[in-house]
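Using the sequences and the accompanying hints, generate a full structural model.
So the protein lines, in turn, are chains A and B.
Heads up, the first sequence is in this note's numbering, so the first residue is 1 and it goes up one at a time.
Heads up, the second sequence is in this note's numbering, so the first residue is 1001 and it goes up one at a time.
Keep in mind the hints are simulated off the structure, nothing from the lab.
Take these hints with a grain of salt, some might be off.
Unchecked claim - Some but not every residue of chain B turned toward chain A, in silico, with C-beta under 8 Å: (1) N1180; (2) G1286; (3) L1288; (4) G1301.
The model shown is predicted, which means the values in this text are computed figures rather than measured ones.
Ideal placement from N, C-alpha and C gives every residue a C-beta, glycine not left out.
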Amino acid sequence: MGRQTWGEGVHVGATTPSGGRLAATFARARAEDRAALVIYLCAGDPSLADTPRLVRAAAEAGADIVELGMPFSDPTADGPAIQRASERALSAGATLPGVLGALRELRAGGCDVRVVRFGYYIPILAYGEAELARDAAAAGVDGLLVVDLPPEEAAPLREPATAAGLDLVPLVAPTTGIERARAVAAEATGFVYAVSMTGVTGSAAGDLAEAGARASELAEASGRPVAVGFGVKTPEDAAAVAAQADGVVVGSALVRRVEAAGADVDAAEASVRELVGALSKACQRPATP
Amino acid sequence: MESPLTLPPGFDRGTGRFGAYGGRFVAETLVPALEALEGAFAAAWSDPAYRAELDALLDTYVGRATPLYEAKRLSAAVGCHVWLKREDLAHTGAHKVNNTLGQVLLARRMGKRRVIAETGAGQHGVATATACALLGLDCVVFMGAEDVARQAPNVARMELLGARVEPVESGARTLKDAMNEALRDWVTHVESTYYCVGSAAGPHPYPWIVRELQAVIGRESRAQMLAQAGRLPDAVVACVGGGSNAIGIFAGFLDDASVRLVGVEAAGEGLDTPRHAAPLTAGRVGVLHGAKSYLLQTGDGQISEAHSVSAGLDYPGVGPEHAHLKDSGRARYVAVSDDAALDAFQELCRLEGILPALETAHAFADLRRLAAELGRDAHVLVCSSGRGDKDLDNVRAQLARRAQA
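Pasting the structure below:
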């Protein structure tokens, strides 16, 4: 094998654990012997006006962290459910400034749930990295997760994000080697998102118990909380992950519920509330006798 | 024993960048696979055995070297000496096979049994299916449903070659959407599957791999110009979609400061309309399909739909080396309209008996402007990147539309 230089760009920076709100949320869940529940909703689906209400419902039903997806025209890491949600949101006029506006409205209404702005890189580039970090922090974002921005490319965003007090949440995948996973985790401030299997969002689940166990090992080695997502759909799936992992991420299953409700936002809200409630219960680890 | 690699000017293997462009903007799942691919390509490209096997196939199977042809009737019509590098005479009818043979050989060397590809006009899909048939690997080609309908003969060819064609129904159902779906397939089957990217675009190392595999066009044509014309050309012109044929022919002349390099993008229905495919001429810097480059986007950073009469240029992005050559001023990029390309298509048929691909016709459509700029004694080398049989139905429909307008 030839000389490889690209991987050397992984730069292990500050290793001090974040005192941020995301880390504190995981610490609290751990103290309560449960996994933190992280849920994903696509901002602007069915419309930006409905987004604060759906996020609030999820928070009230027990979501600890909401990943608020910024819709993108070409979501290559996402499966059909989130692709369709993105298309609906963009058709309904969602923009990055609009998403930040919805978030300000959520905060003005007193909802304090942790929010990670989830999405792809190019809308951030178009907005400006420094401007986005500043405005997202001001709107009440706690962290950023950029699917197509691996650590080697992340420096231009990491610096302004850190300066604005935002956590940059990295991903590790089943294909990520141990050394790389540890380097990536060591650099994380809020938490690490561990992808459960090779695939896109909303795929059929792999072995979730094993994914949870791998996440637990990484958390132990790195001292960072690790949440597991991709393929987690049901409370049973969530319980399998929660047995060992610090956090459970559910996305497409909720997005499908919003989709099924169509224009009936009351029904969407009730359906989100119901599933999040059940997932939240499933994140509580059974008391050991 | 490895021989040292000669890297393209301005290219940094460590960051995967040509100047400020390129890189690797992909989901984490793919990062290790791209690192492995980078190492495997570097090793293969330095390995005389791999190079000998590829060269033998290019020689006896593709029919290289492709000829350099002096187009005298076209020269008289446009007002300068015009030379054609006849990639349209390569097996499968376009330059695409130079790349797919190299990559599918690499896939086999890496122990992959399944190859996937995206295709727009179908030429890269056919070239990938051809290489997979030759080397005995499974092949799946993602193709926008719109293009499946527009390019039915190429769909039939791919199926006869043993490939499975997967119509893609998302987005505008064209090349960009086919590439999205190929990336989704790759992220799902990354352990078993080799992704054969067709253009000099995508995440590092693809722009590097594809330009090295297509650079044979430039190497051959530089030697042929010296042998047949006794001089270097004053300008080299090629069409640019993702940019693989252009980067291949430019590669032979980058160090020749006297040779102007001209890339011709698709202006579609006009650069003053949203219906074009000219990111270098009229786009802004962003990230698409894993690389930073110029692309067509909204003010809000959403990807815009491209439009061109030719399916192969119907793509909102462009390879990062072209972005670098634009910024450095080493190459210049212009755009010609659907109508101008159709005119050039007909002119080449009538004057030279050569039926070019509609993509290729864009390069010919810039010749009069170049001749006016460079003068009657100038020698201009055109990359005749593909043949146009696949475009006959489309061209006839377009001409009928124009006759009625």
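Hint-by-hint comparison with the structure:
1. N1180: Check passed: Cβ of B/N1180 comes within 5 Å of chain A, closer than 8 Å.
2. G1286: 5 Å, holds
3. L1288: Hint holds; B/L1288 Cβ to chain A Cβ min 7 Å, cut 8 Å.
4. G1301: Status holds, d = 3 Å.
Hint violations for this structure: none, all hints satisfied.
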